Amino acid sequence: MIWRVEVKQKDGILDPIGESIARDIIDLGFDVAGVRVVSVYLLEGDITREEIKRIGDELLVDPVVEQYSFDLKLPLQSSDHRVVEIAYNPGVMDPVEASTIKGIRDLGITGISAVRTARQYHINGKLSDKDLEAVTQRVLMNKLIQHVVKDPVHVPTSLGVTAPAASKFDVVVVDLLGARDRKLAEISKQGQLYLNLEEMRTIQKHFKKEGRNPTDVELETVAQTWSEHCRHKTFRGIIRYREGKRGKPKIIRSLFKTSIAAATLKLNKKWCVSVFHDNAGVISFDKDYNVCFKVETHNHPSALEPFGGANTGVGGVIRDTLGTGLAAKPLCNTDVFCFAPPDVPMSDLPAGALHPKRVMKGVVAGVRDYGNKMGIPTVNGAIVFDKHFAGNPLVFCGNVGLIPKGMETKKVNKGDLVVAVGGRTGRDGIHGATFSSGELTSESETVSSGAVQIGNPIEEKKVLDALLKARDAGLYSAITDCGAGGFSSAVGEMGEKTGARIDLDKAPLKYQGLKYHEIWISESQERMVMAVPPVHIEALLEVFESENVEAAVLGEFDGSGRLQLYFHGQQVADMDMAFLHDGLPQITKEAVYHQPALKKEKLSKKVADLTPDLCGALSHYNVSSKESVIRIYDHEVQGTSIVKPLAGPATDGPSDAAVIRGRLGSAAGIAVSNGINVRFGKLDPFWMAASCVDEAIRQIIAVGGTLDRIALLDNFCWGNPDKPDRLGSLVRCAEGCYKAAVSFGAPFISGKDSLYNEYTHKGKSLAIPGTILISAIGHVEDVSRCVTMDFKKAGNGIYVVGTTKDELGGSIYLENLGQLGNQPPQVDFKKASLIYRAVEKAARQRLLASAHDCSEGGLAVALAEMAFAGGLGATVLLDKVPFKGKQRREDVLLFSESNSRLILEVAPEHEKTLGSLFKGLPWARVGTVENGPEFIVYGLNKKPVINVFIGELKEVWKSPLK
Amino acid sequence: MINNVKVIIIRSAGTNCNEETAFAFRHLGASVDQVHIKALTAKEKRLDDYHILALPGGFSYGDDIASGRILANELRLKLAEDIQRFIAGGKLIIGICNGFQILTKAGILPGLGWSIGQEATLFYNDSAKFEDRWVHLKVESRCAWTKNLAPQIYLPVAHGEGKFIPRDKKVLEALSANGQIALRYCAPDGAKPSYPENPNGSVEDIAGICDTTGRVLGLMPHPERHFLFEQHPFWTRLPRKSEFGEGAKIFENGVNYVKENLLK
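The listed protein sequences derive, respectively, from chains A and B. When the letters of the first sequence are read in order and numbered with numbering that gives the first Met the number 0, they come out as residues 0 to 961. When the letters of the second sequence are read in order and numbered with numbering that gives the first Met the number 0, they come out as residues 0 to 263.
Rather than coming from a laboratory, the hints here were simulated on the basis of the structure. Incorrect hints may have been included.
To be verified - Examples of chain B residues lying across from chain A (beta carbon under 7 Å, computed):
(1) N15
(2) D63
(3) F122
(4) D131
(5) P155
(6) R224
(7) F233
All values reported here derive from a predicted model rather than from experimental measurement. Note that the Cβ used here is the ideal one computed from N, Cα and C, for glycine as well.
Start from the sequences and build out the full structure, keeping to the hints where you can.
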């Protein structure tokens, strides 16, 4: 039978969760006085009334603050007291359910067979049915994973999670051989394969040779293996590229090889240990360890279900670390998001799109949940706002790992067993790999709801704990994660050279009734696949058992060179591995880059008081404080943090790169940073790329890193690459990446691309602005020499290094004036490198009291941040700032976002040494740190153009995202 | 004959501050075993072999149902006798963050012994949010772990369920009368805190309590995250007087207590 237990707070106890939901409802414009949350547990099994009381008293209830009932009356519904109960859809598993079963068994109650959870919301306020529907859909639930329980007290007769297995099944064969082009296209579309006609024809030809039609799972396997997501067809294919209408076409054979990989090859750094081919790039750390770094996107899922999308994005990139070499240990997370501004009116959103405020809240919570629960500090990140991200937010999740030297390589041997470990397989995320290779539409939610999932970080933590034990005992020969494409991708990749034979019915399932092809391509989270020599299998299973992690032998890497799948003894697939991996036809795509027609900015004739402009820049969403987000992330777990995301005596200043120790107690550290700027890309993708590389490197230099040892990751998020203009700007961006990486001596070690970021609605295609995220990882020789950005001491000199130029294009200043401009900041690579070398030496000699990178908002914002972070005032003289260009005006000097500039704070006694380091380079003392609270900037005519208290500036900067 | 200080750190699914807690004890010369709860309940490992039991931070079993609940039940139902014997034997227990939640929900803290079951709880922060921030703490009790600490220390908290609530007034009075309130949140100048100085709304600003023996301590702040000087959030502004941070003394007290009282 099923018991229904409701748990709620005792009267008089504050319900903070309910209060916070009430605030969200009020935020939507409804008048409610409060919300109370009731937790509902449905317990199925052979359980007596006495036992249910024990379960309530000892497990489900906190006797100090909560009460429960299992004798139920109808909840009181009236016009000013509404009750809504929300439960997960069948197939979506709440991790609480498994924990509850464990908790009940711990009580010695063994009759329990299944648990489902729900939440009941008691809303105190006058809401019409329509209002209630709006509140339900926009605050309380996401219909992709949840539903309203229509009749809560009507307890169901079965929870439906223990249905008997369907033992009979038919192998589905797809009639490909007899299909004409139209039919081929239809098969691709109906099966959500996202394969184009040429690819479908290639598959048809292959099976003609085999003399038979493919089964459904064979076709699915090809679609997954050949998907843009897994094969990066755009970056690895042929591109015919030209600039402008009359430009000479240039043939690019693999953009990846000619830009990203070419830079790495040319630089040929000895400390690059493993680049591009594994789940993450690996570089040397110290004599015993290497570090690996990977950043991935999870855009499409986050657009539909922000919490689940970001949640599984973090989980996925952590598994990349676990699947690098023979498994690395995760050290820290870095996350970057692009959203539409939170104040966008609902009417400006594309139909079907969630409001950016909700997207942001969900994404941030999803990252928080996974990172915190896995005990991995989220040390760094950025949030970028631009209205073009309305239908298509970007979510970048990154992870750094530590791996002992010698464990960075792996090899599957013939005869190794295929072992799946971790979470069970369910119907989650079917078609994720192919789905992310197409555009979103307003119908995407219904078509692709199976692609949305929520994660279980504790499961992954258990996998991590067990995995490192097994790794150190040498119990397996290779490992990879189950990401997009599930087993199909993991086994397919690992067995490329050996082939594999798999019994799909051996996979542990979340619930019965899965079809064989669903098991094969399911993207259920928290799973890894390992190759285990038969001699170690017992020891390996024992290790996983000791950590309560499921491990199952699925089959064998059998040396056949074929991929053979069986289900209950019957063969359902038999494919040639070589065709799967090498059969993809090379496609030529057209690309054209048009320099956009842009107008030079129009500035006021005379520069007046610039204080309001500084406040405007500080309160721009991109610049403003992200403290409210940073604080809900555990950024200090593992104890390794050296330069934390929040700096200064009030722990609220915006740090540049994050620095962590590689290991507790070690002197050496790792710096992690990000460079991203969407507006520069609208002017010129080449200089956007160069600026992002410069920014990421600059941030590492600012905290005390060295230009000798910085590695880069690229993440391209672009529109549909089948459209020549989108692809043209992508090519130009990749060229900027190559140029910058080579010039700075900073190789790319890994990367990812997410294309088709377009939102088609009513026939109109809305593309995101082409966006590149450059993530950098740097070596820090001695963390005790690290520098933070907060001003330290009155009387110290303020220095600007690097040249400020007439480069207002794409600046925050112009955006606040409603303009874009036309001149993006460029990079003088040679000079920039010399400047960074000099700053590096200054840090090594401990000359720097503080240092801060100049980026969005220019000198003005950087100086203001240093002042209010340190709780100290400043006097700044603009006529001292090194400048090059025509418009030498105060606003240009203050707000131009020219690259390769830093602000340094140096004690008077070190000025001479500093001067000798910067000989021949652009540098100047521009001011002094002051004891008082005033922040005063004198213009070219020596009269103040900014005069304001640091407290005011801080308040302005903190309020937008409070 | 055991001649060194032996620490057992209990792990379960979701424990995640075990490494840094182990680092702190090891750095002070103790030997540390990180043991899965399963090995204890299966009697593969015995609490009797150790002097100090540490329950580190994390999200044991995801904090599903409520923070610490499931691991607390495991201790209470499967290891009660071993733990009682451990405490009666004059040994030490520390529970940090999730560990504090577990000790409280298992009824080991505050351990007034009036009844079976919970005498207090740690509930959702008033802010309804997980928050990572540094807090000032007033050191108050005669607890073995907090002896000779500076009168005020600076440590980070990182939790979503840290609001200390005693079952009733009687419990609160007893805690106060027995000197069991080890740490209270305070303003930087030591004055009565408001949010976020008291980050969770804890009753009477209570951040940590000990049992009646003074040898069992539970606290929400993380002393292991301020074990080293460079873990201080603005160490770049401060003179480096020692390699240690302000939380180190707590671990040192534990290790020294064993040396002075149990190893002699």
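Now for the hints, and whether the structure bears them out:
1. N15: At 2 Å from the nearest chain A Cβ, N15 of chain B passes the 7 Å test, so the hint holds.
2. D63: holds, 4 Å
3. F122: For F122 of chain B, the interface hint holds, since the closest Cβ of chain A sits about 5 Å away, which is under 7 Å.
4. D131: holds, 5 Å
5. P155: holds, 6 Å
6. R224: Holds, because the Cβ-Cβ distance from R224 of chain B to chain A comes to roughly 5 Å (cut-off 7 Å).
7. F233: Status holds, d = 6 Å.
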